[in-house]
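Assembling the complex is the task here: the two chains are given apart, and the hints tell you how they should meet.
Sequence lines, in order, name chains A and B.
Each step along the first sequence adds one to the number in this note's numbering, with nothing skipped, and position 68 is 291.
Each step along the second sequence adds one to the number in this note's numbering, with nothing skipped, and position 24 is 190.
Note that these hints are calculated values from the structure, not bench results.
Every residue gets a Cβ at the ideal spot worked out from N, C-alpha and C, and that includes glycine.
All clues given are correct.
Quick look at which bits of chain A chain B covers, simulated, 3 or more residues with Cβ under 8 Å:
#1 230-243
#2 257-263
#3 312-322
#4 326-336
#5 370-378
Some chain B residues close to chain A (C-beta under 7 Å, calculated; not the full set):
#6 MET167
#7 GLU172
#8 PRO177
#9 PRO194
#10 PRO200
#11 MET203
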Amino acid sequence: MTDNSDSATQLRPGLWATVNERYPGSMITKENYVPLAKLHKPLSESRLTFISTAGVQPRGTLPFDTVHPIGDYTFRRVPSDSKPSELEIHQLKYPTAGATRDLNVIFPIERLQELASDGVIGNLAPNFFSFIGYNMDAERLERTLAERLADAVVAEEADIALLSPA
Amino acid sequence: MQRAIEQRGIPTVSITVALDVTEHSKPPRAVFVPFMMGHHFGTPFHAELQRRIIKEALTHLVEAERSGEVRKMSMTWARARRDGVEIERRLGLKA
Chain A
224 MTDNSDSATQ LRPGLWATVN ERYPGSMITK ENYVPLAKLH KPLSESRLTF
274 ISTAGVQPRG TLPFDTVHPI GDYTFRRVPS DSKPSELEIH QLKYPTAGAT
324 RDLNVIFPIE RLQELASDGV IGNLAPNFFS FIGYNMDAER LERTLAERLA
374 DAVVAEEADI ALLSPA
Chain B
167 MQRAIEQRGI PTVSITVALD VTEHSKPPRA VFVPFMMGHH FGTPFHAELQ
217 RRIIKEALTH LVEAERSGEV RKMSMTWARA RRDGVEIERR LGLKA
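This is chain B alone, in the form it adopts within the complex (with noise of 0.2 Å):
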């Protein structure tokens, strides 16, 4: 799919959850997150995690150099959850 879209000359990226498939299908440019599957942007009401996942893409949009480079955003599943529960605190969507 993506490849398809990069062959009818427009740049495209996409966010990864999973390095192995990413390694098989080839496509141009990815964005690795190490977060649950279902997950790519991060974790509910968590608007600056989701943004900052988009910038990352955005930018590996405009910096990969060559076919197939995967950017790893540095953040782990573990810290994204965290700030999540705390977000929901703060909104009092969770006790």
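Only chain A is shown next, with the shape it has when bound in the complex (with noise of 0.2 Å):
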């Protein structure tokens, strides 16, 4: 599958419908999109976070529970200046043979940091967010878990948010 790869098809197709298929209720499902906000300065200027539900968290925080099986609503800070050697990851849901050897290609910490230090982006946030993927209640994560985490990145007046879901 991997070689007959091009650059406008998804490598795993349908996911959504066979997850939604077997587990109904735990995709989320929108019919509309919110209004776009606003930047209010240059990206030189901004002060960006970073969040993932690669289940990336700093060694000896509680892990997650990836074995739950309703999924875990709790999320955990990185420090954005931490090195990927003081990071781990507790997740199941996605393949991490690329991550277990260099954690940017799933949580680029170190190139955002350099893109901080190199003048493209103004600074980081003090802290990145991390959840892990696997949460079968859209309508609880969307009640708790999303409301906490926007009003944690409110709170570190993060101008501009890049996320990865795993």
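Here is the structure:
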């Protein structure tokens, strides 16, 4: 499959339908779009935060509950000045072949640190945020985790947010 | 999640490897990369590609004109893997 990949087709097709068929209600479906927020500053002056569902967390913090049948609706803060060696992954639902060798393939913390020091972006928020993508109750995720995490992003005075749903 | 942050006035952009999930969840802005799950920023030690994907997302953040716009990276997974192998050889990480 990988050798026949092209740039416009996802490698693993039918993901939404496959999961939704087996676990109805677990996949998010929206009918409309939210209005775009405006950028108030150039990128070179903006504070960026990064939000990942990859289950990356600082070593020594309470591991995500990766075996709970309905998921784990908590999040962890990951200091944006962390080194990859200070972080570990607790997540079962995506291939970590690349990430175990170079965390940046799913949590590009070093690249973001470089872009900030090169002045492409203004600076990094004190923390990035992480949770696990395996959450089977989409409504609960939106009502609890999404709201709490969004409030935490605001509290860190981030101007822009990059997200990576693993 | 992304929508909740955007609704608080903070512009957001996500990297997706699953266009169908993106079509259903309707984030405000997304960049599609045709890569394997768990490898949204490419292949190990391929810092240039990792950086390029983040920059593509930042460009989309600035240039997207309507909510729901999905930007596509002109890159294939096969190419990313080939380049990754080459880089690992050069770094002496692969024979």
